[in-house]
Amino acid sequence: MQLSWPGPNRKIGVIDALALTGVVGLLVARFIPIARLPFWGCKMRELTGWPCLGCGLTRVADRMSHFNFAGAWEANPLGTIAAALFMVCIVLSVLHLAFKVPLPTVSLSAREWTFVRVALVAAVVVNYAWVAVKTKFPHVLLGG
Amino acid sequence: MQTRCPACGTMFNAEGPGPHRCPTCGASVGPPPPPAGYGLPVGGPGAPPPPGQVPFAGREPTPWERRAELGAIKGLWLQWRDTLFKVDPFWKSVRPDGSIWDALSFAWIINVLGVLFATPLIALQMRVQGEQLRQIFDQMGRGADTPAAMQWFLDFYTGPNAWLNVAALGLFSAVVLTPIWLFAWAGIVHLMCLLFGCGKNGFGATFRAIAYATAPNVFSGVPCLNVLASLYSFVQMVWGVMRVQDTTGGRAAAGVLTPIAVFFCCFIGCYAFAVAAVISSMR
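Just so you know, the sequences run in chain order F and A. Note that our numbering has the first sequence beginning at 1, numbered continuously upward. Note that our numbering has the second sequence beginning at 1001, numbered continuously upward.
Rather than coming from a laboratory, the hints here were simulated on the basis of the structure. Treat the hints loosely; a few may be bogus.
Unchecked claim - Listed below are the simulated EDC-like cross-link pairs for lysine to aspartate or glutamate, each with C-alpha atoms no more than 20 Å apart in a straight line: (1) F:K11 <-> A:D1097; (2) F:K11 <-> F:E112; (3) F:K134 <-> F:E74; (4) A:K1092 <-> A:D1102; (5) A:K1086 <-> A:E1065; (6) A:K1086 <-> A:E1060; (7) A:K1074 <-> A:D1246; (8) F:K11 <-> A:D1102; (9) F:K11 <-> A:E1065; (10) A:K1200 <-> A:D1097; (11) A:K1092 <-> A:E1131; (12) A:K1200 <-> F:E112.
Claimed, not checked - Derived, one-sided and incomplete: chain A residues facing chain F with beta-carbon distance under 10 Å: (13) L1133; (14) F1183; (15) A1184; (16) L1195; (17) Y1232.
In this text, a Cβ means the ideal position worked out from N, Cα and C, and glycines have one as well.
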């Protein structure tokens, strides 16, 4: 992995774009009660009993916007990590755009990118397994 | 080599050293022949060029980016035409390292124009269907026990000024939300592009592809055509990412369509049940 640091700048990059996404998502989650909309919910879970891949993400956004990190983790751990990364992007972007703090450019080798992809897929699988077990077999996690 | 005439916008094949003569308008095109050694950077597209070499040689500013010499309206028209009807030559000519603000302004104008073109159609549609919708909802039992939020929703979309409400909402969305959703969407797509190995030319290149791919959205308010326009816009995004990021169609498709597939699963269910919820809340 190679890190390169440009000079002070305010050039818009992917971190700033992701920060904007995070701001919009967290503001919507904080001030608009989306979960209370009559048509909101996991339709796959209602129809089949099994959660979808994104099950719990609304609760994660709602709880993270209220800084309830424990509650968000309980809803969807990987979603909580993603939301936390969005928050980090927001902080970095504010520093970058307001104070010209340079953001590093990260270059990964082909082998490192392969590792990232495999790790991401594994994380999604493990996270879904956890959410599925929690939804279908909660007694397993409670030990009873 | 494909070359564009700055006077009339015609793309033609220019062989050998310049300058060349445009076959359409006869204008002299191109600089004097470059010294030996200029060309694509060694190591393939996207690789840092050696000193003295021109990065992204063969690519040039789009008509919208040359609006200072062409005129804003002509530049907008030529770019919109080329994006829709000369797809591959256009995307092959787009510079990955160009200005994202030019791309943003193009998308902004296209979205606003789409709303403005749609307003007369919305007015006509609301005039014809508004009364029918009001009668349907009244027959289905809209009354004193209908929730206040639902009353407001129905009045907004079926009241006597429904067309104005919808047009104002559309204009607000186009003016205020266009840059927000453009940056947000481009950020997510670029993240996917990095994961699928098709983001080597940087975020700016992805943003430009996403923004210029909004050209079909000028038809966003035309019934039936808006569906085709949306689909064509997604095709343009994939094509744009493929050319601007110098990658394969498969990787570009994966980068653009993966977030769409994820959101589709979540939101199509909500949209489908929204209609049922509106109906059921009035019974």
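Status of the hints after comparison with the structure:
1. Between K11 (chain F) and D1097 (chain A) the CA atoms are separated by roughly 12 Å; this keeps the pair inside 20 Å, and the hint holds.
2. This hinted pair does not check out: K11 (chain F) and E112 (chain F) have alpha carbons roughly 26 Å apart, beyond 20 Å.
3. For the given pair, K134 (chain F) sits about 9 Å from E74 (chain F) by alpha-carbon distance, which is consistent with the 20 Å threshold.
4. Note on K1092 (chain A) and D1102 (chain A): the hinted pairing holds, with a Cα-Cα distance of about 18 Å set against a maximum of 20 Å.
5. A C-alpha spacing of about 17 Å is found between K1086 (chain A) and E1065 (chain A), which places the hinted pair at or below 20 Å, so the restraint holds.
6. With a C-alpha separation of about 15 Å, the suggested pairing of K1086 (chain A) with E1060 (chain A) holds against the 20 Å cut-off.
7. A distance of roughly 28 Å separates the Cα atoms of K1074 (chain A) and D1246 (chain A); the hinted pair therefore is violated under the 20 Å criterion.
8. Our distance criterion of 20 Å between C-alpha atoms is met by K11 (chain F) and D1102 (chain A), whose separation comes to about 14 Å.
9. A hinted pair counts as satisfied when its Cα atoms are at most 20 Å apart, and K11 (chain F) with E1065 (chain A) qualifies at roughly 19 Å.
10. Pair hint K1200 (chain A) plus D1097 (chain A) holds up; C-alpha atoms about 11 Å apart against a cutoff of 20 Å.
11. The straight-line distance between the Cα atoms of K1092 (chain A) and E1131 (chain A) is roughly 50 Å, outside the 20 Å bound, and the hint therefore fails.
12. Under the criterion of a C-alpha separation no larger than 20 Å, the hint pairing K1200 (chain A) with E112 (chain F) is consistent with the structure, at around 15 Å.
13. Interface restraint check for L1133 (chain A): the shortest CB-CB distance to chain F comes to about 19 Å, outside 10 Å, so the restraint is violated.
14. At about 5 Å, the closest approach between the beta carbon of F1183 (chain A) and any beta carbon in chain F falls short of 10 Å, and the interface hint on this residue holds.
15. With 10 Å as the threshold, the beta carbon of A1184 (chain A) comes within range of chain F, its nearest partner Cβ sitting at about 4 Å, so the hint holds.
16. Annotation: L1195 (chain A) was flagged as interfacial toward chain F, and the flag holds, the nearest CB pair being 6 Å apart, inside 10 Å.
17. Interface restraint check for Y1232 (chain A): the shortest CB-CB distance to chain F comes to about 24 Å, outside 10 Å, so the restraint is violated.
Hint check: violations occur at hints 2, 7, 11, 13 and 17; the rest are consistent with the structure.
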